[in-house]
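Novice: Letter by letter, the chains look like this.
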Amino acid sequence: MNKVFSACIIDDDPIFVYGTKRIMKEVGFSEEIEVFENGLDAIEELTQKSIVEKKLPRLIFLDLNMPIMNGWEFLDDFIKIPEHIRKDVVIYIVSSSIDPRDIERVKTYDIVTDYILKPVTPKDLKNMLDDLSV
Amino acid sequence: MQKTHTNIFIDDAPIEIGVLDVNMHFVKCSKLWLSKLGKTEKDIIGKSYYDVFPDTTDEVKKIHEYCLLGSYISFDGEKIINKAGKVQWFNYKINSWKNEKDKVGGLIIVREDISFKRNEEEYRLKAQRVANVGGWEVNLISNEVYWTNITKQIHGLDDTYVPSLENGINFYKEGYHREKIVSLISEAISNGTPWDEELIIVTVTGEEKWVRAIGRVEYVNGKAVKLTGTFQDIDEKKRADLERSEIEKRLNIATKTANIGVWDYDLARQELNCDYETLALYGAEKFTHKSLYDAWKKILVEEDKERVINEMHFAIQNDDEFNTEFRIRTKNGKVKYIKSIGQLHKDQNTGAVKMIGANWDITEYKQVVLKLDKRKESFAGVFNNSSVGMALIGLDGKWLKINKSLCNSLGYSKKELMSLTFQDVTHPDDYLKDLNFLDELIAGKIDNYQIEKRYFHKKGHTVFVILSVTKVTKIDGTLSHFISQVVDITSRKEAEEKVKAVLKITADQNESLTNFAHIVSHNLRSHSTNLSMLTGFLINETDPEERANLINMLNESSDSLDETITHLNEVVSVKLNVLGKLEGVRILETFDSVRKSIIALLNENNVILNIQIPKEFVVSAVPAYLESILLNLLTNSIKYSSPKRRLVIDVKTRRERGKIVLTFSDNGLGIDMKRHKHKIFGMYKTFHKHKNSKGIGLFITKSQIEAMNGKIEVESSVDIGTTFTLYFNCFK
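Those protein sequence lines, which keep their order, are chains P and S.
What the first sequence shows, in my numbering, is residues 10 to 143, in sequence order.
What the second sequence shows, in my numbering, is residues 596 to 1327, in sequence order.
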């Protein structure tokens, strides 16, 4: 199993972050997991990274309801990063919202791969890992 | 003896007779002749004839000489005009007498006054000439034909023309006319039937002419020897006759088809004559002439009788036109309306004075008029009493007539409104719309239109109406005026606006409820998933240090859940109906009490508070909400103050359109309006990296102020400051 995928969690809930990281380790994701508490911190860091290192995390878990900058705003800014740099990034929206308007809205973003309702289960992560390995 | 007898015979002969000797001296003269001449025997006897009649012509003298040779002659003398100027014609019969020696002893002259006969003849000829009557004769034995000059003239011939029977017949128009004259002549010759016929001849110049040909046969010893007759030019008269009969025919057809009856009333005889149409009109074929006038009077409807007869008498007495309408009751009891027009007319021949007139049935017309009157009446009734505003509008846009309802709707008196045009009272934004339709109406593209438009009430407010306009045309198809119907829907419109507002509130509340439900579900799910995840870890965890960590997290998570439920409870309580709890609250008093409650916090942060709130400003509010709002705004300002400068807060109030407006400004961090404008008042929205940000304060503030029927707005610039504007209702 390949463990070299770099991953990134953008979520303001520390307990969710703790739990997700723990499961990720269990199913064999890379140790390299970056965490941001809100969209603004994340986009600032990732934009910087795209310029300096020309490299972005392979996988992003993005929460929708966050202070300062929410998931939607993050996506709107993320699209502005040059496509050749972000084209391999896989983004999953991970939220507690079962609001159908949110689910519909996710579909309008091509860069989002899927919507995952919290909590993230080991099974979800295993499937993801398999998809990324292909 | 014989002589004496002769003398007596001559003397007393009842004729003018004279005996002359061979020398033409009078021997004897009848007393009659003497008296005619005004002479005595002495003046005549022994005197020469030529001395007595000095005007005797040489021609007559020669006749005398001829007779003296032993002949008899009878001739008509020439016209003589006597001393009194009287024209006289004489016929002379002259015979010679023989003496004892059988020799001619002289002449016997008998003179007969034929002036009467001759004059008659002259008159006849003259009359013939004047009447264009010519004469003709055909001698059936010699076949000689004689035409008088007038006959020739009628044929267009000159006097020298020599006629023949065949030529004469050929002048008749080929076909019916020629065949007719031939058959008439042969009928006359064989049976002696005279003829009198009007036929057409063709003159030498090719002109067709109506003539009256009269002819008869003269017999001698039972044998037809002569055809004689007259020939008269009746062209003008005949054509006039034909034309008249044509006109008469046409008139008959016209009066018959138009059901116009013609009548005349002979004043002297008091006799009424009616044509068939008139009789039919009155349904009275049985009327006799004598009783007709009385019958007419009887059939008149009682109420009209006296008036009509008076009108008739008036017209007769004043030689005026008789022009009236009356009702009759026919045999089957039906009432008919009759129009009758008459005029006095004097017959030129008889001198009789008649009133001649025409009459016809106008029942249908009358009924239409009556119906129309009824309609007019009912229209007037509708117009005046309708609860719908109505107006008749002229082509120039001016009111012709307006009703009470319209005046009521627009708040004007009838007089005031009449002095205005519909343009004056129309909302300017609706004027063109109305006018465009009106143009189409005038152009004939449409017959009516209906629009929703606005007028201005006299007091200035808007009156909403549904306007229906219909055009009215004259008989010739041109426009006469417009009928406008104005249904006042202002109250309906207002109710509609209210319903819309209520609908919007409902929709907004529905929306916010939905949002709220999702927020609740989201937040509760966050906590529940965390709790289940943590307990899942805890079950399998063996490391005591990690277990302690997990239990700690479980504790935090349940605390968060509790906090969230507290928030939600607050929100729900705000959402409950608070209208009943509204009361008058002095803003300044509330603000002061809030300020005192956090005086330590204000001092600690060294806040400068500028408050300009008039004491008397009382708003309609729930006191606890107002406190909560002011507290939240104050603590927010402190929480998000700029570390670079001392916090200054300005609080002001003003009145605006029946509301009390409070502005709350600080010079703090500000909010990026571009990014966050739509979610400032949203639940769990935070915009600052601040530990104490919960994203609940402004959400509740907004809920509370809306629960009190107010509203809140915000303006902000990053690093300059934020201004909240709050609108409250005044307390009444």
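Worth flagging that the hints you see were computed from the coordinates, not collected in a lab.
Certain hints may be false.
Claimed, not checked - Taking lysine-lysine and the BS3-like style, the derived pairs with C-alpha atoms no more than 27 Å apart in a straight line are:
id : chain 1 : residue 1 : chain 2 : residue 2
1  : S       : LYS1274   : P       : LYS89
2  : S       : LYS1274   : P       : LYS116
3  : S       : LYS631    : S       : LYS696
Novice: Please go over all the hints and tell whether each is borne out by the structure.
Specialist: Against the structure, the hints come out as follows:
1. A C-alpha spacing of about 23 Å is found between LYS1274/S and LYS89/P, which places the hinted pair at or below 27 Å, so the restraint holds.
2. Between LYS1274/S and LYS116/P, the direct Cα distance comes to roughly 22 Å. Compliance with the 27 Å bound is thereby established for this hinted pair.
3. Between LYS631/S and LYS696/S the CA atoms are separated by roughly 34 Å; this puts the pair beyond 27 Å, and the hint is violated.
Consistency note: the structure conflicts with earlier hint 3 alone.
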